[in-house]
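There are 2 protein chains.
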Amino acid sequence: MTSNVKSPHAHMNKLSGKTKFIEDMNLPGQLIGGILRSPHPHANIVRIDTTKAKAIDGVVAVITAADVPHPPFGPTRFKDWNILAEERVLFIGDEVAAVAAESKAALEAALEAIEVEYEVLPAIFETEDAMLEDAPVLHSSAPDNRPMHLQLERGDVKVGKEKAAVVRGGTYVINPIYQGHLEPIAAIASWSEEDGVTLWAGSHIPYLARETYAAAFGLPEDKVRIIIPPIGGSFGAKYVLKMHLIACALSKAAARPVKIVLNRTEDMISAHPRVPLKMEVEIGADEEGRFVYKDATVYANAGARIYWSPNIVATACTRPDGVYHFQNVRAEGHLCYTNISPTTCMRGFGNAEMLFAVESIIDELAEALEMDPSEIRMKNIVREKDVTIHGYQLDSCKLDQCIEKVKEISGWERKKDLPPNRGLGMALGNHVSGFRGIDPRFEGSTAVITLSSAGELIVQTGEIELGQGMTQTYATIAAKELGISADQILVKSGDTERNPFGIGTLASRSTVMGGNAVHLAAKEVKRKMLELVKETTGEDGVFCYEGIQVNDRVLTLEELAASYRGLHAGDQLTVRATYSPDTDRPDKTYYGHPSPNYPFTAHVAEVEVDPDTGRVKLVGYWAVHDSGTIINEVGAKSQVYGAVAQGIGWVTMEELKVKEGRVQNPTIMDYRMPGAADIPPIEIAFIDGSDPHGPFGAKSVGEVAIDPVPGAIANAIAQAIGKRGRALPLNPEAVWRLANDYE
Amino acid sequence: MTSNVKSPHAHMNKLSGKTKFIEDMNLPGQLIGGILRSPHPHANIVRIDTTKAKAIDGVVAVITAADVPHPPFGPTRFKDWNILAEERVLFIGDEVAAVAAESKAALEAALEAIEVEYEVLPAIFETEDAMLEDAPVLHSSAPDNRPMHLQLERGDVKVGKEKAAVVRGGTYVINPIYQGHLEPIAAIASWSEEDGVTLWAGSHIPYLARETYAAAFGLPEDKVRIIIPPIGGSFGAKYVLKMHLIACALSKAAARPVKIVLNRTEDMISAHPRVPLKMEVEIGADEEGRFVYKDATVYANAGARIYWSPNIVATACTRPDGVYHFQNVRAEGHLCYTNISPTTCMRGFGNAEMLFAVESIIDELAEALEMDPSEIRMKNIVREKDVTIHGYQLDSCKLDQCIEKVKEISGWERKKDLPPNRGLGMALGNHVSGFRGIDPRFEGSTAVITLSSAGELIVQTGEIELGQGMTQTYATIAAKELGISADQILVKSGDTERNPFGIGTLASRSTVMGGNAVHLAAKEVKRKMLELVKETTGEDGVFCYEGIQVNDRVLTLEELAASYRGLHAGDQLTVRATYSPDTDRPDKTYYGHPSPNYPFTAHVAEVEVDPDTGRVKLVGYWAVHDSGTIINEVGAKSQVYGAVAQGIGWVTMEELKVKEGRVQNPTIMDYRMPGAADIPPIEIAFIDGSDPHGPFGAKSVGEVAIDPVPGAIANAIAQAIGKRGRALPLNPEAVWRLANDYE
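Same order as they appear, the protein sequences are chains A and B.
Just so you know, we're using UniProt numbering here: the first sequence kicks off at 1 and counts up by one.
Just so you know, we're using UniProt numbering here: the second sequence kicks off at 1 and counts up by one.
Worth flagging that the hints you see were computed from the coordinates, not collected in a lab.
Note that the structure is predicted; figures quoted are calculated from it, not measured.
For each residue, glycine too, the CB sits at the ideal point set by N, CA and C.
Honestly, I wouldn't trust all of these hints.
Derived DSSO-like pairs (lysine-lysine); straight-line CA-CA distance at most 30 Å [unchecked claim]: (1) B:Lys18 / A:Lys223; (2) B:Lys223 / B:Lys79; (3) B:Lys385 / B:Lys637; (4) A:Lys223 / B:Lys79.
On the chain B side, residues computed to face chain A include the following (Cβ under 7 Å) [to be verified]: (5) Pro220; (6) Arg256; (7) Arg441; (8) Phe501.
Throw the hints in and build the complete structure from the sequences for me.
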């Protein structure tokens, strides 16, 4: 039931509908679980009575705060979580009680029969309101509702301002959007007094989730086992979730396995959209178009609890400074608790958001200075061997070539002569390949390779396949090192009890972190296998497609496995290798070199705006990437296609409309995401180049591919309508209003 | 649910009734399974109709041969097994069909409702009959019903016979006995199309069982997972069992977990007693009491199928020649198929059986030569540094000291002046500590030690705890090497998917094979931990009870674990070590040095025989052992106590009475085993001494402790009644008949 996939099949199975997701799984004796949620954005729980619910035929367990432990815990240092709301509810959708029942009918009847008396409290929804003197306090640990307040300055922005010939900027607003995973959020928990709890859930950071959940229940970590079935998309939504804990608590109470599948509405109201941001950003340039400062203030709405929003604020405040030399930068970040659903990660993780502002402003500066947008960019970008203002060491950087190439393939020169209502927009992006600081204790990855008796090389990793093609990439890395067919390699992951520790799939880390570990292990297994051939045949062998060539014959991996077992008491050849990157945990001022390498990209979008409706149609898209050596080209291109499509939805369509804490459009019908007809032809190119720190020279691609999308599209729209939109989404209504100066 | 025990608790839990055996376990959705068995010793199956059985309410699956695969398979090279009888049944109790049902009532009704039409065939029950020209053939692979016919000679027995001044011998008969495990044979199987089958069963050689079961179902090995819950005794009965396969087949058919628990009668008729032997043995001695030859012919009744009876025959034919220098030996072994339940291993494994004959004959030789039984033994025993006639290299052997010591503590000199009806008998024994040849491919063991985040050293092994105290022994070995408290060590085993490969617990191999592997791994983990201390503190550390002392402070294992994880990307310190013994697989003539070392022992039994009833009362028992360094004294003594008690039952009480293939006494009430009142005070001494090949100098103790028991008791009885009993059991009727010359 884990994601032990021979790499190519995984995606085929998804495409053909054969993949079994959690919803398709059933354990013997399994109950159906459901959650009673708060209808109020902020209220005291005065009374809960579950008597009637418990009496319903087919209801096996009904739990409330009284039935679960309440230690301080949470996935980050802000330990503001609970399993079920103890005294207060903090948002519409907050988890108040839960039921496990034999049937859906019994479950629904029981959820209705739970009596809850609330005392409604004043609520806050916007960051401005959260910071008011007399605002209600959501968590006593943050009396000002600001769990995080970041301030940093490098260089001297005052000096930069004095040098500036042109200044542009404004307030940029990032819409709360739904990650839009096709597979709804689901989990099965099976609790046993003896063995602890086993949780089947789509977490892509299961080892950190295990630590969080163990703390929640006061269990030792080895009594929590997380198994990851195939994941049908996450994009940041499925890291660590309270519904996982509730499934565990229900299974404990019922002493039977419990499955919870959120329906799409629950998923959309409770499962943590992209952090909404308000960003006041200003960039100044001298007469020659050299940037002299950047000044940014970010207001981030964390919602009712902390997931990874602090890291997103820090990323927004720093990461784009690794694309351009701004010379002097100042950033301030305010993260506020409010009475909306907790907000969290989504592909791009703060960087895509701030780049939307930065790339918009740069186009305005170019216009003011009468420079081509590509020219002002080329003048200011970071270059190979640079150390950026926050300390990133760029041992590879082909951003200049990305710009040249994207101009070439997009026919950039057309920009000057476009027909009316058309626009071509450019934007750049960077990212990390893992980030030293996600886990304050360590970074890196471990791979274990075993030569099975059947002659397969089994690669075990703690990193997680969530559709990004990790298993194919790891199989390719091992096969490339050994010089054998990737068909003989089986990548296994997704079980905290069987596989080695991994931080998991976030911060675009899987190719470089896990990939380097796999590469190290493959080198060691190669050495040991050649040693074995020498020991058993007296000859030197050479790897070939099917195995190891020794003189005139090929020893198959199966034969080698039998030889090894014969010499080693039946044990299988097993190697374990750890990759620990030579990076820094950023210091208190956010300075440091946190990633082994940094991918770069330049995108161009071409749009046509319908002047009557404001509808933006993408007519072309070009993406050129410096992600070092491309190991898995199909996978890498798929990441770019997907990210661009996702970006198009984000910029031109999507928005969770939240009114007084209530999501107004919590269905896929009311929340429009792009379909195939919305996506233009996307042309992708990779710049040749190898980074010294990646496996075979690779850098990441998963998130950098979305980073420039908002900026590129916004810049294209600005040309098409002659007006600048600073709030996402730039949907038909917004674009029409802008174009027609209709506030 | 696996046997992950902090060592001291395991036995306490058994004593206090807290241990959960398979019968106490239940999986969600589990069905009850049962087996329909043949009522005939040999018959063709003409017709099976399961229609009525399937129609019974609550019956989920009914399977026959038609529902299971029929590849050639079996646990040894004699691949004569099936999952369910295909065309013929071969013994009373042979498995014909099986049912999985919701309730016991439904199960029993279904078993009764299965219609089977048999054509009864002529049957054979004794080895003599099996070898007759016109005997019915049980397996076409052995047209003479003799799957094995062993012949060996070393030296020249003819020359020995010419030299002999005295010859004694006769025909010795070994009773079929039940291993008498308290926990009945049970299994739970859970089959999933995706993951294969998980089997909870008490096998103590689960990795070899996995290979056998995978072959039976045509699955790859990694689709068969065997988990070993605490085992309530086995003594050889629970290695690999057809009922395990039937549980798997039922679970597959029912698509739900299935539990089968044999009732005691099923257990006793179908679950493979000790191989009954008939042994014609003759030993000659010269005038000075030096043995000049031994000539033995063994007839072994394998029953209907092969488990490990061939190995038992080979052991009977060779192993006792490692106690004495017989100078010239000849042995012939006939293993025959018959229509009784397959017979298999029990503690002592052929050696205890042949030693019964040898030790009986030696006493007769001593009498003929007017020597003290201890004197003739001392004159002929093997000594340290000897190489025995079959090639065993005795790098340690303190058998002479065992004899001296047992004489001293038993007051041997009393033998001459015992009151009437009393007897003192001596016997010697040897054994192996693992046997190169159980698995033709390899011998040895692998241990993996992990420093957990909680600061425990987790020792993983593929060997199995079945009550012999292995976990305590391994924890002690690791603690002794490291110099820390054994409380910080957790030994885990019993899951083929999680733990490294191990051949398992048989041939008295766990202390030396697994123990050496644990010792090697402990040395490596010690080196790595001290290296870590040096790396992190710059100082040299020294292990102490609680952790590692560095200058004035103690670094706990938890602190070390955190340091290690910090430096290694979150991975836990893990070492893997394999012990491969420097031994030989015996050649075709059974020559070789198959074990790293050999334990020795001398026992003395004192009996009083009631002349009116023939009842033998043990009044005293003394056991002196050379098992090298004793690592776990409580465990080692427990092995001796248990083996002597078991031997007393074997020799004086127990016998499965089989008449025309039908067990006449298949209940614990009718099959009397010893109780506390039957066991005399047992005095145990261990000779100091260290063997160069054992962990800290240890040798095995589990089986050597039963090897001399039959001979010692038989010799004591012979003195008490003045007659020699050559057929076991020497129960009251047999002894009374002997004493009264009543045939």
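The hints, checked one at a time:
Simply put, Lys18 (chain B) and Lys223 (chain A) have alpha-carbon atoms about 20 Å apart, close enough for the 30 Å limit, and the pair holds. For the proposed pair Lys223 (chain B) and Lys79 (chain B), the alpha carbon gap of about 21 Å is at most 30 Å, so the pair holds. Restraint check for Lys385 (chain B) and Lys637 (chain B): the C-alpha separation of about 27 Å stays at or below 30 Å, so the hint holds. A distance of roughly 41 Å separates the Cα atoms of Lys223 (chain A) and Lys79 (chain B); the hinted pair therefore is violated under the 30 Å criterion.
Because the beta carbon of Pro220 (chain B) sits about 6 Å from the nearest beta carbon in chain A, less than 7 Å, this interface hint is met. Annotation: Arg256 (chain B) was flagged as interfacial toward chain A, and the flag holds, the nearest CB pair being 6 Å apart, inside 7 Å. Residue-level restraint check for Arg441 (chain B) holds (minimum Cβ-Cβ distance to chain A is 5 Å; threshold 7 Å). A distance limit of 7 Å between C-beta atoms decides the matter here; for Phe501 (chain B) the minimum to chain A is near 4 Å, and the interface restraint holds.
Checked against the numbered hints given earlier, this structure breaks only hint 4.
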